[in-house]
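K.L.:
Protein sequences appear in the order of chains X and E. With the working numbering as the guide, the letters of the first sequence map in order to residues 247 to 349. With the working numbering as the guide, the letters of the second sequence map in order to residues 1486 to 1938.
Derived by calculation from the structure, the hints in this document are not laboratory data. Hints should not be assumed to be uniformly reliable.
So the derived label-pair ranges between C-beta atoms look like this [as the list claims (entries may be wrong)]:
#: 1; chain 1: E; residue 1: R1650; chain 2: X; residue 2: V252; range: 42 to 50 Å
#: 2; chain 1: E; residue 1: G1851; chain 2: X; residue 2: R304; range: 30 to 38 Å
#: 3; chain 1: E; residue 1: K1629; chain 2: X; residue 2: F297; range: 45 to 53 Å
#: 4; chain 1: E; residue 1: K1682; chain 2: X; residue 2: D273; range: 24 to 32 Å
#: 5; chain 1: X; residue 1: R304; chain 2: E; residue 2: A1935; range: 50 to 58 Å
Don't be surprised by glycine CBs; every beta carbon is placed ideally from N, CA and C.
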Amino acid sequence: MSPSGVTEQKRRLRARSEQVLRMAAMDDVARRYPRRTVPSALSDEGPFWRFVFVPLYRRVPWEFKARAMRKLKMTAQGWPEQSRRFGEPWRPPAPSASRSDPE
Amino acid sequence: MSERLIVIGGGGAGTAASTIAKRANPDMRVGVFSEFPDIAYSPCGIPYAHGREIPEFQNLFLSTVQRYVEDGLEMHMETTVTDIDLDRRTVTARNKHEGFDKLILCTGFHWEQPAVPGANLEGLHYVKDIRRAMEFDKELDSMKRAVVIGGMWLGVEMSGALARRGLEVQFIDEGPWLLSELVDPDVAEPAQEALEKLGVNVRMGTKLLGFEGGAGGRVRAVSTSGGELECDVAVICLHKLPNTSLAESIGLSLGTTGAVVVDDHMRTSAPGVWAAGDVVEVPHGLSMLPITGLTGSHAYSQGRVAGANAAGEDRVYDPVWIPWGFMSGDYTIGGFSIGETLAEAMGIPYVVAKGVGVSRARYFPGAARTHVKLLAEPGTLRLIGAQLHGGEGIKERCDFLAFVGKRGATLEDLAWMENIYSPPIGALYEPIQIAAQNGLAEQRAREREAVPA
């Protein structure tokens, strides 16, 4: 697959996973506010996503997912680390990234 | 010979990039290429001009092309760049090659189009170019019925504006509540009520099935899961998609959002090429995941950083915490970062702190209820998001919360913050404090329950 094909596949995968996670979250939040919501008409992405992907994703704690996303380079590259990771006490922001200018 | 910078795009990012580059390095030759005839106008004001809250479209123009020329910029208006050659350092426009040393891409976005039958009919309107908006505004005088499609902020603004203009407006969206991709149901409810008060018929949970054509190939109705809705115009307000065709043609790296990857200096993967605005993705400060399709103020700030760096400065753009806010009818909603729905979707644990206060002393005429919902990390109680609704002061509170959230403030900090008390402009007890105090009280109650007697 060409590099642009890989990029497109990654984009689609992310869009689809976000869509199913958002839909599942909307269902849960709607149950908390039943008076204020109606049944969604958003397209279902299929049983795999709803019954396998969503429950699996939810079983993994956020700290682990965040670490995995960093390791797999799903987070933004070329940016300084967050001033503080999830759950850490606050500290001053790190100085700007000292990358050499590519020019 | 002085260096030449070419900026492609004349929107918020392109305008800021070119102006700042020239200011930072007056010897640099700066050329701007835009496919449109106008520059420095406010596209965000377009719905309000349709609704006549802004009396004239001319009020949206903040400057002229001539003014930029007088400031020393080479302005190439209505000139589409069709090709870039990175090896020869040239762009091609109108079959003419123009050389550059440095390049900033600010090619913006296009609107997502609905993938349904009839999406190519006449009478489907997308809000973007001001000239088209001015033509559309004249057509509105002879229209009676509009269907607005899509539950993003622009759809809400356009629905309110067209209702103010006297049109019969149907608003449709597939989501289970208004703005369900952005806000939680408790914040959506008053926003929806405010739209309905203007006469908008809000149809949530309604799927778009297609557009029905009439005379001359013009849309006459919108087909939905809730039936057919007759209309004179359909206004489409779906997602913003980055315009990356030029970026792709020169092999710039694209990210998982489909937008151009940049670093914290707005540098792309190609040496000497920067990018800014709706064509790029930048990290969310909480998760560091790249996101795109942000606001005009983000585009403007990114353009300033790209322009300064292209001119030889060393400016850093921070990950974003996205303060946002807008009017739904006469009601204001806003927030920053994430709400309950997005936190649930991402699987980010959170505790909620809610409170209701007033925008000025409660005895002072015009005092409005201000609803505040704060999201914080369990344990540390660090602020990770907020959603607010009410009247005056929502925007300022969202800006403030985004800033202190970025700097790591906790519910404890907010519960004991200082605030201005002056009857016409602020109440004794700040609504943010009330929410944070309530959150702390609930935390203490939970902790007491958790300790065995």
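K.L.:
Next, verify each hint and record whether it holds.
P.N.:
Against the structure, the hints:
no., hint, result
1, E/R1650 with X/V252: 42 to 50 Å, "47 Å, holds"
2, E/G1851 with X/R304: 30 to 38 Å, "45 Å, violated"
3, E/K1629 with X/F297: 45 to 53 Å, "47 Å, holds"
4, E/K1682 with X/D273: 24 to 32 Å, "29 Å, holds"
5, X/R304 with E/A1935: 50 to 58 Å, "23 Å, violated"
Hints 2 and 5 from the earlier list are contradicted by this structure; the remaining hints agree with it.
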